Amino acid sequence: MVERTPLLNAACHAILLGGVAMVVLPLYLAFVAGSLTLDQVQEVPLPWVPAGHFLDNARTAWQSAHFNRLFLNSFIVAVGITVGKIAVSLLSAFAITYFRFPFRMTAFWLIFVSLMLPIEVRISPTYESVANAALPLQWLAELLHVADGWRALTGHQVEIALEWNMVNTYPGLILPLIASASATFLFRQFFLTVPEELCEAARLDGASPMRFFWTILLPLSRSNIAALAIILFLYGWNQYLWPLLFTTDADMATAVIGLTKLVPKADSLPAWNVAMCAALLTLLPPVIVVAVLQRSFVKGLVDSSK
Amino acid sequence: MNAGNDNGLKRAHFDKVRLPVLLLLPQLTILLLFFFIPSLRALTQAFLLSDPFGNSVQFVGFDNFRQLLASEVYRESVQVTVVFTLAQNALTIAAALVLAFASDRVIRGKGLYKSIILLPYAIAPVIAGILWAFLFNPAVGPLAQLLRGAGVAWDPNRNGTDAMVLVVLAASWKHICYDYIFLLAGLLAIPSSLMEAAAVDGARPLRRFFTIGLPLLGPTLFFLAVMNFVYGFFEVFAIIHAVTRGGPAGATNVMVYKVFTDGFVNLDLGSSAAQSVILMAFALVMTLLQFRYVERNVNYDS
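Protein chains in written order, with UniProt numbering: chain R, 1 to 306; chain P, 1 to 302.
Calculated from the structure, these hints are not laboratory results.
Keep in mind the model is a prediction, meaning the values are calculated, not measured.
Think of the CB as a built atom: it goes at the ideal place given N, C-alpha and C, for glycine as much as any other residue.
Taking beta-carbon pairs under 8 Å as the criterion, some of the chain R residues facing chain P (in silico):
id	residue
1	G19
2	L29
3	V41
4	P45
5	I111
6	N238
7	W272
8	M276
9	A291
Okay, the calculated beta carbon distance ranges per label pair:
id	chain 1	residue 1	chain 2	residue 2	range
10	P	I190	R	L17	23 to 33 Å
11	R	T5	P	L146	31 to 41 Å
12	R	T169	P	F291	31 to 41 Å
13	R	A51	P	L146	19 to 29 Å
14	P	T261	R	P195	51 to 61 Å
15	R	L55	P	V82	38 to 48 Å
16	P	F291	R	L38	45 to 55 Å
17	P	I190	R	D251	51 to 61 Å
When you get a sec, could you build the whole thing from the sequences and use the hints?
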């Protein structure tokens with residue numbers, strides 16, 4: 001709408017500049033602190049212009065936090081969550097929208113219910129499950145008295161001690177975070193808007209269901225997949241609580257966890273310069289993803305919250 | 001929507017049984033192992049009393065809940081959580097609303113402003129916490145020094161209110177972008193004919209915003225309030241753990257942090273599970289509210 005409101009427009013620019021400052025200022029100050037020596041970072045007041053030690057501090061941070069390994073872990077976890085969640089979600093969304101089979105609605109509701117509880121409210125039992133993923137099987141075996149039955153039949157005593165420990169493994173880090181069905185619903189919503197004629201035509205041409213999936217449905221979903229992938233990558237990279245429980249082996253920690261070990265405690269050297277460097281390094285990969293793929297990112301954010 | 005029929009099945013579909021079961025298997029296996037079994041175990045644990053080493057387990061009914069409600073520490077934790085989420089919610093929505101209004105009005109530089117304001121979404125809550133912990137660190141933090149200069153005795157390590165202000169600021173800083181993008185999309189979705197009609201009637205931009213824009217944003221605001229509560233209840237764990245560890249003297253000991261300390265540090269599994277169940281109930285209500293209102297909210301494609 002064309003309307004002359006010079007004063008309001010100026011105010012709006014001022015507000016937005018304020019918003020920009022609010023975002024940029026903490027990052028800038030972290031950068032300044034990251035470029036100082038240990039003595040300089042303790043000066044009062046803190047300098048407002050960067051000095052020249054950023055690369056030194058970055059090297060110190062990188063080495064003392066073993067970021068080589070931790071960044072690799074973070075990438076594996078983030079990509080694992082992204083690929084894993086999208087793959088299982090696409091398949092199950094395809095199943096519940098394109099097939100008629102018994103218990104279809106049961107499957108639908110089982111998946112639906114999983115949207116409701118974030119992992120934070122079930123951490124300790126989830127931890128137990130991951131510490132021994134065979135626990136439910138063992139429990140079932142005990143319940144059914146498999147061992148007694150076996151002894152009665154054959155006279156042999158067997159000890160059932162299944163164990164499948166996933167602590168300090170990538171599957172242990174990744175799988176529990178895939179266990180929610182938000183992406184399934186996103187794809188289901190999208191599949192419901194795909195024209196019926198495409199499937200009818202595929203069936204008339206004698207295409208198998210999987211062929212329809214690969215050659216028609218998947219290419220159509222490309223932009224949804226891309227948008228969701230960005231959100232899931234950020235989600236995976238930025239996870240904290242779950243990897244925190246897994247850091248019994250320092251080599252399996254993620255970058256975000258390694259970073260917190262560099263933050264000065266009350267009785268240690270106030271090496272905030274190194275900590276701020278590490279913080280900037282750790283936030284860089286997801287920030288680059290968002291900055292470069294801005295358009296898909298916004299779509300993914302809005303879609304995945306529906 | 002052109003959905004085939006009302007139960008979400010396409011009109012053109014396949015009548016097979018084995019294939020869809022195979023397709024669902026990965027999802028359902030993961031859900032069973034890492035969602036349903038843990039959730040059920042949390043539910044049963046809440047009614048059990050077990051010693052920290054898991055040697056003896058005893059059914060105690062609602063005792064864990066009764067003890068929780070009687071506990072001063074737990075009531076304090078609930079109170080802290082309420083104060084935190086309300087403050088965070090108000091700050092986030094107010095800032096996002098002002099920014100969205102301004103973004104909707106300006107023409108030049110709009111894309112750049114938006115890109116920068118969105119950046120914190122990519123930053124982990126724990127990193128946001130660490131950044132703000134540094135800025136407000138009483139010894140070296142530049143903002144703490146400014147406050148000192150202004151005569152404020154700032155010390156989040158000793159003063160509970162200061163610690164709360166710190167975590168609210170850190171949590172809001174990270175989350176404003178989320179509310180902002182939804183409000184901006186909501187403003188863009190308002191038919192321009194409405195605004196034009198009001199303009200012809202002589203309503204100035206601010207007045208149009210308050211009498212037309214804001215009421216039409218109602219559903220979006222409600223949705224965001226729900227999402228902010230979910231964020232404030234669950235995702236704030238990282239900030240608390242990295243910045244205040246619930247202190248000083250329990251001033252920032254929010255419920256999700258207490259679940260963690262009681263379960264993994266104090267090894268009081270029964271109480272931790274009972275707290276989990278209370279949080280589950282809350283999450284359930286929030287999700288249902290979200291679904292109830294989100295359906296009216298689907299036209300964001302911009």
